[in-house]
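Protein chains: 2
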Amino acid sequence: MEKERLRCPALEAKIATAEEAALFIKDGDTVATSGFTPSGYPKAVPLALAERVKNGEKIEITLITGASVGSELDGILAETGIVKRRFPYQTNNSMRKAINKGDIQYADMHLSHVPQFIDYGFFGKIDVAIIEAIAITEEGHIIPSTSVGVSPQAVANAEKVIVEINTSQSLALEGVHDIYMTKKPPFREPIPIVHSGDRIGTPYIVCGSDKIVAIVETDITDKVRPLGAVDEDSKKISEHIIKFFEAEVEAGRLPENLLPLQSGVGSVANAVLAGLVDSKFEDLTCYTEVIQDSMFDLIDAGKVTVASGTSFTPSEEGLVRLNENMEKYVKHCVLRPMEISNHPEVARRLGVLALNTAIEIDIYGHVNSTNIMGSRMMNGLGGSGDFTRNAYISIFTTVSTAKNGDISSIVPKVSHCDHTEHDVQVVVSEIGLADLRGLSPRERARAIIENCAHPDYRPMLLDYLERAEQTPFKHEPHLLDEALSWHARFLATGTMKPKVEKQA
Amino acid sequence: MEKERLRCPALEAKIATAEEAALFIKDGDTVATSGFTPSGYPKAVPLALAERVKNGEKIEITLITGASVGSELDGILAETGIVKRRFPYQTNNSMRKAINKGDIQYADMHLSHVPQFIDYGFFGKIDVAIIEAIAITEEGHIIPSTSVGVSPQAVANAEKVIVEINTSQSLALEGVHDIYMTKKPPFREPIPIVHSGDRIGTPYIVCGSDKIVAIVETDITDKVRPLGAVDEDSKKISEHIIKFFEAEVEAGRLPENLLPLQSGVGSVANAVLAGLVDSKFEDLTCYTEVIQDSMFDLIDAGKVTVASGTSFTPSEEGLVRLNENMEKYVKHCVLRPMEISNHPEVARRLGVLALNTAIEIDIYGHVNSTNIMGSRMMNGLGGSGDFTRNAYISIFTTVSTAKNGDISSIVPKVSHCDHTEHDVQVVVSEIGLADLRGLSPRERARAIIENCAHPDYRPMLLDYLERAEQTPFKHEPHLLDEALSWHARFLATGTMKPKVEKQA
Chain A
1 MEKERLRCPA
11 LEAKIATAEE
21 AALFIKDGDT
31 VATSGFTPSG
41 YPKAVPLALA
51 ERVKNGEKIE
61 ITLITGASVG
71 SELDGILAET
81 GIVKRRFPYQ
91 TNNSMRKAIN
101 KGDIQYADMH
111 LSHVPQFIDY
121 GFFGKIDVAI
131 IEAIAITEEG
141 HIIPSTSVGV
151 SPQAVANAEK
161 VIVEINTSQS
171 LALEGVHDIY
181 MTKKPPFREP
191 IPIVHSGDRI
201 GTPYIVCGSD
211 KIVAIVETDI
221 TDKVRPLGAV
231 DEDSKKISEH
241 IIKFFEAEVE
251 AGRLPENLLP
261 LQSGVGSVAN
271 AVLAGLVDSK
281 FEDLTCYTEV
291 IQDSMFDLID
301 AGKVTVASGT
311 SFTPSEEGLV
321 RLNENMEKYV
331 KHCVLRPMEI
341 SNHPEVARRL
351 GVLALNTAIE
361 IDIYGHVNST
371 NIMGSRMMNG
381 LGGSGDFTRN
391 AYISIFTTVS
401 TAKNGDISSI
411 VPKVSHCDHT
421 EHDVQVVVSE
431 IGLADLRGLS
441 PRERARAIIE
451 NCAHPDYRPM
461 LLDYLERAEQ
471 TPFKHEPHLL
481 DEALSWHARF
491 LATGTMKPKV
501 EKQA
Chain B
1 MEKERLRCPA
11 LEAKIATAEE
21 AALFIKDGDT
31 VATSGFTPSG
41 YPKAVPLALA
51 ERVKNGEKIE
61 ITLITGASVG
71 SELDGILAET
81 GIVKRRFPYQ
91 TNNSMRKAIN
101 KGDIQYADMH
111 LSHVPQFIDY
121 GFFGKIDVAI
131 IEAIAITEEG
141 HIIPSTSVGV
151 SPQAVANAEK
161 VIVEINTSQS
171 LALEGVHDIY
181 MTKKPPFREP
191 IPIVHSGDRI
201 GTPYIVCGSD
211 KIVAIVETDI
221 TDKVRPLGAV
231 DEDSKKISEH
241 IIKFFEAEVE
251 AGRLPENLLP
261 LQSGVGSVAN
271 AVLAGLVDSK
281 FEDLTCYTEV
291 IQDSMFDLID
301 AGKVTVASGT
311 SFTPSEEGLV
321 RLNENMEKYV
331 KHCVLRPMEI
341 SNHPEVARRL
351 GVLALNTAIE
361 IDIYGHVNST
371 NIMGSRMMNG
381 LGGSGDFTRN
391 AYISIFTTVS
401 TAKNGDISSI
411 VPKVSHCDHT
421 EHDVQVVVSE
431 IGLADLRGLS
441 PRERARAIIE
451 NCAHPDYRPM
461 LLDYLERAEQ
471 TPFKHEPHLL
481 DEALSWHARF
491 LATGTMKPKV
501 EKQA
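Chains A and B supply the protein sequences, listed in that same order.
Numbering of the first sequence is given in the UniProt record's numbering, commencing with residue 1 and proceeding in unit increments.
Numbering of the second sequence is given in the UniProt record's numbering, commencing with residue 1 and proceeding in unit increments.
Be careful, since some hints might not be right.
Which copy is meant is left open, because identical chains are indistinguishable; a pair holds if it fits in one copy or across any two.
Unchecked claim - Only pairs whose alpha carbons sit at most 35 Å apart, straight line, appear in this in silico DSBU-like list of lysine-lysine:
1. Lys474 to Lys499
2. Lys84 to Lys328
3. Lys125 to Lys243
4. Lys328 to Lys3
5. Lys3 to Lys236
6. Lys328 to Lys497
7. Lys497 to Lys101
8. Lys125 to Lys58
9. Lys160 to Lys499
10. Lys474 to Lys84
11. Lys183 to Lys243
12. Lys328 to Lys125
13. Lys499 to Lys183
14. Lys474 to Lys54
15. Lys183 to Lys328
Since the hints were derived computationally from the structure, they do not count as laboratory data.
Since the structure is predicted, the reported quantities are computational estimates derived from the model, not experimental observations.
Pulled out of the complex, with its shape left as it was, chain A reads as follows:
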């Protein structure tokens, strides 16, 4: 192994094959790993673990990660039946299938809760941590790769630590990380971040050579996810938001360079940020979870001075671009533990402008981020709740319809609630923007229906609202027999649109 990658000579004795390292994992273990939105997750050791099961061994584990991880971890371990319990977020197809089949016990959590759940012992003992790294320092500390996630707490609490040194990950990442750990109550202190770019910790995860049981070298690349091209709908959503920001600046409610932007994961979130490249805004900052491709555009355009997150989450093209220009991007970026990137304290202090995507939003402003038709887990909540409730302004975006128009993303009542009416201040679709601040539920309903709902569903939504308003209790009126009937109709007929009576 290169001396630059393993700088602690005493640890050379711990160099192992993936197969040898995987032997440290026992049936019944709780395993916590690096990885966040398929970035910087361990690959060689989980693949080797799966081989043992393919060869007939029985191994069942609880798997805790930062957020989503790739096929070499979530995919293969779900397919081989190794994962029995999974926290707190996933996007892998095999994992999702197993969860929706009921084979894997999955708890979808606020990402900022996960590190403290580990620290508090609420998950029980952490047997093994597997951490992808670019290098190990002279003192046996770990320099993570493209994400930090829950790794610092995994390392601090695990009995055994396995490190995957991934040579496909650039050594130029060194210095981008800022690792700060909180103490447990009653000894916690203020987190001293007052600007998005403040560095308050160490550039490595404190570990020490004693705790490391195996070091595996690998060059398997992150299976990053493609980002959709910026489509017409995303572009319109982005334009509505930029217009809204301009009006808020005009009204004196936002500074000219706005406040730190937080933007969710995925194509729409990426497209919304991309829209800022051509806006008049300058000197923007970001305090968010993931640094996606459009952030590189914003940095290149000189629009963003600093972006704080817990992972680089580029597309395949973005990954090439990141690696080719690492020294430049590292200067403008900070990768923090997800406890800090998503911390309510910091989000509220900085006053983030929170931009998150919804699966569906109801007329009163409740948001479903996770379960399609109430029960079908998509990915998970992620950090949306961490930011939303602590935002300066909390904005949710959704394209007004899905499935070629057969699903309205604006519904009478969400089939699953992840964000309540109390946490949603602005709703945006490609149709328009509804500013809900200061509105009562029924006023919100009209604002959302008129500004955000698709014209095909607008009359149906208004009809629902008007009939609900005839019931005795008019604060947030509902027709309980009908409130979820749009979803039931979709499940039964494949469309939320009512059956049209055929006339002779």
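For chain A, the structure is supplied; the task is to place chain B on it using the hints.
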């Protein structure tokens, strides 16, 4: 007026009758007042305002308070049609009726959001602040009475300030308040509280004599609300919680003197705290919203060293007791602005043990705190969301049935969602306690049904769950046609119990 009450001679010219002071309020104004859980709210001026309308004037206002206020403010202004828009919480019968009739546009908000909504200008201009005080200082600063609530932001942002000096409120309250204001982003700094009792501000609300337009003397007492006697159900809930805390201490997950307790408003919350008097716990601290009667018991028993809140919320007997022993209780208590008492940053740092009451809880752990049968506004969310999501452990309590058993408080799906599954870690009823940490939705369902549901409803709940588990998507399975049918049945028949077929 006594010199001790009005210490700024320049302000003597501003002494006015309630009728004169009320003339500063114009039709269309936004009025922000003191008051929190009918404590420390203005009374004389609103009564005089109502008189003007009774005499034929047209006055319509937006009313913002800290939390609930008494009949002399919410009651009379709702009855006379003066309040058109109301933020963020209420418990008054006339106000509640008008909201549920749809006559008043009410937005139920996280209490910690209200102060920053005022500071950010999201409510528009604040025309008038009316603040109940025990005294005005030499510099024209305001010493509040039994609550702080949103008063500091109301004063800072209002164009005109009216002060009600209430001589029924003890001057011995002086020194109990700790007024700290946050700056607006991007200039916010850490709030330097690391222990519940830390004092970080001033004992008065900064105002200055220029801003005060009128000073009214009154002796109308707070219309405090009675607290129910500690009943059997509350006692059992309290016992389950204490047993849980003991086990957590035993497991090393909580310190011996626990962590700061946060407890909601009302009889059950009061009873739960009361149970601690006979527990083995010592040196307890509280970081909460309201200081109710049982807190005095805990202080008297030497169990609680310090209680931080934003108001004294005693019963009638409690109020007498508070006034008779003010000097003692003031030593153990701190009253803060509700921005600070409810601040996510501080709640999470201290690691509060959050105890809040639910109207209903569903099998997967979602909580309805506000709307009975989905639409009938009870009071509001209050600070439950501020504490819950930032708690060390978030606990919700509910008595397993209501309306003589015709309502099950455990339901297949909540009819309104205020707290999501991601925010609820422990559910307690008089039947027992369900620890949901680390459980998947279906595991949570069995834990809640078995431990918390009333035996009359347990088989129905299990039946729902088991049939839902037959659907294709089993992460958090629901029968959408049936999910809200229990509520619909109650509305139609007066009971959630199914009609029993009469047999011959």
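Structure-based check of each hint:
1. Lys474 to Lys499: Answer is both; intra-copy 29 Å and inter-copy 28 Å each pass.
2. Lys84 to Lys328: For Lys84 and Lys328, neither the intra-copy (42 Å) nor the inter-copy (55 Å) Cα distance is at most 35 Å.
3. Lys125 to Lys243: The answer is between: 23 Å across copies meets 35 Å, while 50 Å in one copy does not.
4. Lys328 to Lys3: within (25 Å within a copy, 67 Å between copies)
5. Lys3 to Lys236: Neither way: Lys3 and Lys236 sit 51 Å apart in one copy and 63 Å across, limit 35 Å.
6. Lys328 to Lys497: Classified as neither; 51 Å inside a copy, 66 Å across copies.
7. Lys497 to Lys101: both (28 Å within a copy, 31 Å between copies)
8. Lys125 to Lys58: Cα proximity of Lys125 and Lys58: one copy only (21 Å, versus 66 Å across).
9. Lys160 to Lys499: Neither. Shortest intra-copy (60 Å) and inter-copy (59 Å) distances fail the 35 Å Cα cut-off.
10. Lys474 to Lys84: Between copies only: 15 Å across, 45 Å inside.
11. Lys183 to Lys243: between (42 Å within a copy, 26 Å between copies)
12. Lys328 to Lys125: Neither. Shortest intra-copy (40 Å) and inter-copy (45 Å) distances fail the 35 Å Cα cut-off.
13. Lys499 to Lys183: So Lys499 and Lys183 fail the 35 Å test inside a copy (58 Å) and across (55 Å) alike.
14. Lys474 to Lys54: between (59 Å within a copy, 26 Å between copies)
15. Lys183 to Lys328: Both ways: Lys183 and Lys328 sit 33 Å apart in one copy and 34 Å across, limit 35 Å.
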